[in-house]
Every structure is written in structure tokens, then in C-alpha cells.
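Position one of the sequence shown corresponds to residue 3 (this note's numbering), numbered consecutively onward.
Since the hints were made in silico from the structure, they are not lab data.
It cannot be assumed that every hint is accurate.
Taking lysine-lysine and the DSS-like style, the derived pairs with C-alpha atoms no more than 25 Å apart in a straight line are [to be verified]: (1) Lys127 - Lys48; (2) Lys107 - Lys127; (3) Lys48 - Lys107.
Computed beta-carbon distance windows for the label pairs [claimed, not checked]: (4) Asn60 - Ser116: 15 to 21 Å; (5) Asn106 - Asn72: 31 to 37 Å; (6) Ser20 - Asn72: 21 to 27 Å.
For each residue, glycine too, the CB sits at the ideal point set by N, CA and C.
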Amino acid sequence: MAGTWSGGGSVTLDDGSSERIRCRATYRVGGPNMTMSLTCASDAYKFNLAADVQAEGNALSGSWSETSRNISGSLQGRGGGGNFQVLASAPGFNADIAMRTTGNKQSVTIRPDSQFRGASISLTK
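The task is simple: from the sequences and hints, build the whole structure.
Below you can see the structure in the form of C-alpha cells.
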């Protein structure tokens with residue numbers, strides 16, 4: 003999983019419209035710790051997600067931030083074998099994030115309870 007990944011997908015905005023996005027992710031892994039940076043943009047929309055994650059067995063915890071909206075919070079979830087399911091929480095905001103990595107392909111799905119309706123992203127290494 004470590005390294006740089008790129009690809010695209012779509013983001014669905016609050017008004018129901020959908021836009022294609024291009025994304026780039028960087029993962030740094032050291033033992034049970036991982037840092038992640040995910041930047042996605044369309045013509046009218048952009049987000050910059052960063053996270054620090056620690057694993058203890060299959061349990062995941064950590065912190066995250068989204069710099070373009072100046073929001074940050076905590077992460078809790080489970081993962082293993084290339085599949086991760088986490089809840090990103092902050093005051094007034096929650097998002098389910100699912101990530102599946104198989105070989106050099108990765109899919110990321112973000113389903114928030116506000117801000118936008120969701121994003122589906124496919125990346126390759």
C-alpha cells in the first residue's frame with residue numbers, strides 16, 4: 003500500500019449534481035503506523051484529506067484533517083488484508099470511509115453525513 007497512487011472517480015454534491023474528480027494519494031507505512039494524503043479535484047470542487055492511522059491487530063485509530071475546509075477529528079475502525087472500514091468524526095461531521103486494495107488497484111468510497119453526498123474513487127499505483 004505504501005507509495006503514490008493516482009486515478010479518478012466522481013463526487014456527488016449536496017444539490018445532487020455529480021462531477022468527475024482526479025485524485026492523488028500518498029501512503030507512508032512504518033510498522034503499525036500509516037500516514038495518508040489524498041487530494042481530489044474537479045473543475046468546481048476540491049478536497050485535501052490527511053490522516054495518521056495506528057493499527058493494533060485489526061483495530062484502527064488515529065486523526066484526520068481536511069485543510070480546504072479547516073476541519074479535523076478522529077478515526078476509528080477495523081482493517082486487514084487490504085480492506086479498511088473507518089468512521090471519520092468531528093464536531094457536526096461524520097463520514098464512513100471504505101478502502102479496498104488488491105495488487106496495484108485501490109478503491110475508496112467516502113459517505114459523509116453532510117458537506118457533500120459522497121465520493122467514489124479508483125486509484126492505481
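(message) For each hint given before, does the structure comply? Return the numbers of the non-compliant ones in rising order.
(response) Per hint list: single violation, 4.
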